Amino acid sequence: MTESMFTVNNLWLLIATVLVFIMHLGFASLEAGFVRRKNTVNILFKNCMIIAIGLLTYYAVGFNLMYPGGDFAGGFFGFAGFGIANPEGAAGLIEYADGNYTYYTDFIFQAMFAATCCTIVSGAVAERIKLMPFLVFCVLFVTISYPITGMWKWGGGWLDAKGFYDFAGSTIVHSVGGWGALAGIILLGARKGKYKKGKTQPIPGHSMPFAAVGVFLLWFGWFGFNGGSVLSADAGAVALVFVTTSLAAAAGAIGAFLVSYIMFKTYDLSMVLNGILGGLVGITAGADLMGPGASIIIGFIAGCIIPLSVVFFDKLKLDDPVGATSVHLVCGIWGTLAVGIFGAKAGLGQLGIQALGIAAIGVFTFAFAFALFYVIKLVSGIRVSEEEEVKGLDITEHEMEAYTGLGKVAYDLAVK
Amino acid sequence: MTESMFTVNNLWLLIATVLVFIMHLGFASLEAGFVRRKNTVNILFKNCMIIAIGLLTYYAVGFNLMYPGGDFAGGFFGFAGFGIANPEGAAGLIEYADGNYTYYTDFIFQAMFAATCCTIVSGAVAERIKLMPFLVFCVLFVTISYPITGMWKWGGGWLDAKGFYDFAGSTIVHSVGGWGALAGIILLGARKGKYKKGKTQPIPGHSMPFAAVGVFLLWFGWFGFNGGSVLSADAGAVALVFVTTSLAAAAGAIGAFLVSYIMFKTYDLSMVLNGILGGLVGITAGADLMGPGASIIIGFIAGCIIPLSVVFFDKLKLDDPVGATSVHLVCGIWGTLAVGIFGAKAGLGQLGIQALGIAAIGVFTFAFAFALFYVIKLVSGIRVSEEEEVKGLDITEHEMEAYTGLGKVAYDLAVK
Amino acid sequence: MTESMFTVNNLWLLIATVLVFIMHLGFASLEAGFVRRKNTVNILFKNCMIIAIGLLTYYAVGFNLMYPGGDFAGGFFGFAGFGIANPEGAAGLIEYADGNYTYYTDFIFQAMFAATCCTIVSGAVAERIKLMPFLVFCVLFVTISYPITGMWKWGGGWLDAKGFYDFAGSTIVHSVGGWGALAGIILLGARKGKYKKGKTQPIPGHSMPFAAVGVFLLWFGWFGFNGGSVLSADAGAVALVFVTTSLAAAAGAIGAFLVSYIMFKTYDLSMVLNGILGGLVGITAGADLMGPGASIIIGFIAGCIIPLSVVFFDKLKLDDPVGATSVHLVCGIWGTLAVGIFGAKAGLGQLGIQALGIAAIGVFTFAFAFALFYVIKLVSGIRVSEEEEVKGLDITEHEMEAYTGLGKVAYDLAVK
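Protein chains in written order, with our numbering: chain A, 937 to 1352; chain B, 937 to 1352; chain C, 937 to 1352.
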């Protein structure tokens, strides 16, 4: 490896890190837009804390749990020690990973991914979860659960040995977040008024512009999420990933547009926004394996799934204000299976292995998240009181409103 | 070409692609900010669909129409076939374009440009056009019209042979969008209440913060739009383009500030915002040919043009809610002419050729867009009913509001 | 230096330029979110003008004042002439700075930094300063004061000779802005109603979502601000800077979260947002010298400082609507001192030199800014009338509102 190839490969991973970072603003904007005005400060606060918690715990524990190196217990568990090495005098920090990037580059790129799994949960449990119990959940979920299942594949664990394929994390990142979200919304119950007399009541988000900003920023960041997962600046591979990622997102919009129009006879912006995200999640597992045509089909199907899945979860009275389970769990599963159906690894054997990986990671993660939420619920409770829910979490948890300046009278009207 | 130069050149084009992508959020934010609250969901919806349509049709048809390669009909028309080649086994996908970038890199960079022409139209026709007829227009405009005129220059067609120069698309992208916008607003007519008793009534946009976010994001993305158009990471050329682009945008702000203050005796934020965009559009045709001084003059003049042009179109009762015709059409023409007046190619001969290119592309595009809108108008109508316009497109087309949570009474007041 | 290393080094500086550029949107969003609704257009207008003024004056004068080259008056003052050289035929523009980047790259990267010092001031003096006097202040502050003190270190001046260290500008950029802000708020006085009967009255910002968007964008841009200050794409150095910058920001959030909870018994979003910024400002002086552990401590302390500092300034009745003095001045001083306490340069001698640099730049900048504001105050006044302050600057300076569309009755209620 020449010095210049090392430098350009490393640079691309660092730039991809920056792009993945801004996905946290994407999630914050999207979730803020999809919740009600009275819970907006709360969701922003949670997203600020999640990125802080994610980075610090991944430094302290997560990275070494996810990439333990060397031999470890049957490919299921390993730990390389607390913290990450100090840079002084450590030539090993630079000469690392076949010379494509440095140790610190690897850490910071992976650290930006880690917090994502909690961000996905935060949207689903929004508008009724208590702040501190949620943050405690996040600390343990991102420190322990995410790195262990991540190691199974990306850390060279048992699923990797079996041939499971998940390029950039349809399962390892997105469905992991989705399973955590599912556990949370089962234990929390629906928001007050969401399901009345057997009917689903729409509770529209308070700002469609912020929701749209969030989706565009997520797509923007996804170029780093998928493109960086090439783990080098290899021209052919990164370019292919950019094409498949973009076309799948575009096809996801079209799929959600068509199916939601057929189902609801209207042009539903929130479905198209989630359709784009569904397409992105769907292509993530195999973004480097597909041609353009296959990526369009995968994204289109993911987009079609979105409105069906949203209605399905509502039928089960599983209340998810932002559609995170449909986007990240359902489309994450779809994208991981698609690796066995389309592209360079398609085949029945691969499809079986993909299903095994989905199931193993799903069972572990759901069990971990459910048990964790359950224990926290027993210890401190996880749901705010009915009065707090009606008043909104911004006032009750933060003594602050998201927006001011409407004047006293308009404000009094507004809180009614 | 060494492997490392190939990789870094290709990487810059891919990063520029990401920057151009986020311009679509810039347009969406800007247009959302400049329309009324009741039409915000509609403009966001259109911008989501435009990027999806743009990418998919450019994959299917547009790219091969714009870059047909080989011999074609007198430099006016050519087509390389549907779709783009599958990556497997195709060494030709990598060895491409003098080794600066891959085939897929070229496709995705150009694809991000393509949808821009429709986005420009969407702002101008906002607040009164029917959704589905608009989307049909977009499909045909971006699939057929944009690639054909683009090919005349960038695909090696007859204007390229004549020496016409348009570095990153003042004419090929921006004025093409502007001509489409002009055709649309002529056929649509003004918004209800815009011109009363011979006077122009201001209809202020509903959110100046979103408009400002849009302009900053567009400037941000323009570093990729112009910088990527170098088509390599050549240090001297990209650095120069960054300098000329930045200084022109800054000078555009100053120009619009001064002229709008003289004209209106107030500090008009919307003029300064459009002045920045005018400066950016103005420098785009010759961003690689100018020194810093010339780029300041070009941007300053573009900024000065903005308030004059906005008033001029209003005199003609051509109603453009976001000023897209002033920014993209008028400043696009100015920037293309400026290539013949300033910088490395200045000269009367070049000025004539620039005028020829502007005229040829203008006539073709305006005729195509006008005919297309006209046929759609005959078939299905293009304008919503007066009742729908008054109620707003968000409720009538999408059964959704952009903002909720003001409470029932405030809401009832708000919709009055 | 090979061609490919030159190209990749230069490319990183240009990409860092783009990231620093978007910090201006970060500042604009943050400040817009933290001011009242009635002053939102005003703050957006100022931020548009500041970037324009900053770029143009830095081209005309600032760059040559900050980087005079050769011998100059005792390391205190020098000037290389107006404007920057024209590119034609100038091989020297390319062969520059040890072959790491071009002359134009250097200019545009530094130019993006320059405007930052005024942006910091704009937040602190918001909601009561007159527009034109403020813009006059900005022109002179960014053209003269910022480049002179910047030269003392980065231009090879006397502080550089003494061994003062400020990697990316905790002092040279952030505390310079902070001193300007302090001078401004002393001379302006507090906003009407901020301090009543010896008590501080909270005046909450009008949009927490915009404030949060601003902070995330600033963090995003800081990867370029600090990462680009490596002045090459050196893999080890840039990766380390990314790690220290990220961990300090995360620890800043935690520090502000804990201290503000202890002080106010609530989860205060604005403190956490400013805690992130405090952590970023704090690490900026030594981002390349610290290990991960030290960067966490530095960021954590900076975060802890934020709520204490905000309360301290309020005790002094120094009214700063966005907390700019706490973030940029106090944490800028802290970060510069931290270079003498932690990391590769720690030592009592270094600590003394750091203090000297802080004091020298502080005295010069505060004196310059105070005198400048004072003269402008004498000549034209700097504060709007009480009536204008009550009505809001959007209406009185810009004849425009930030938001429309609430309907006539709700609007009448809103302005009460």
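The reader is advised that the hints may include incorrect statements.
Put simply, identical chains are the same to the list, so a pair is met inside one copy or across any two.
[To be verified] When the alpha-carbon atoms are kept at most 27 Å apart in a straight line, the in silico DSS-like pairs for lysine-lysine are as follows:
#1 Lys1201 - Lys1313
#2 Lys1098 - Lys1201
#3 Lys1201 - Lys1327
Because the hints were derived from the structure by calculation, they are not lab data. Keep in mind it's a predicted model, so treat the numbers as computed, not measured.
Discussion item. Reference check for the pair lysine 1201 and lysine 1313, CA-CA at most 27 Å: within, between, both, or neither?
Written reply: Cα proximity of lysine 1201 and lysine 1313: across copies only (23 Å, versus 41 Å in one copy).
Worksheet item: When no copy is specified for lysine 1201 and lysine 1327, does a C-alpha distance of 27 Å or less occur within a copy, between copies, both, or neither?
Response: Between. Shortest inter-copy distance 19 Å satisfies the 27 Å Cα cut-off; intra-copy 34 Å does not.
Fill in: Identical-chain pair category, lysine 1098 with lysine 1201, by Cα at 27 Å
So lysine 1098 and lysine 1201 fail the 27 Å test inside a copy (46 Å) and across (51 Å) alike.
In the structure shown, a violation is registered for the earlier hint numbered 2 alone.
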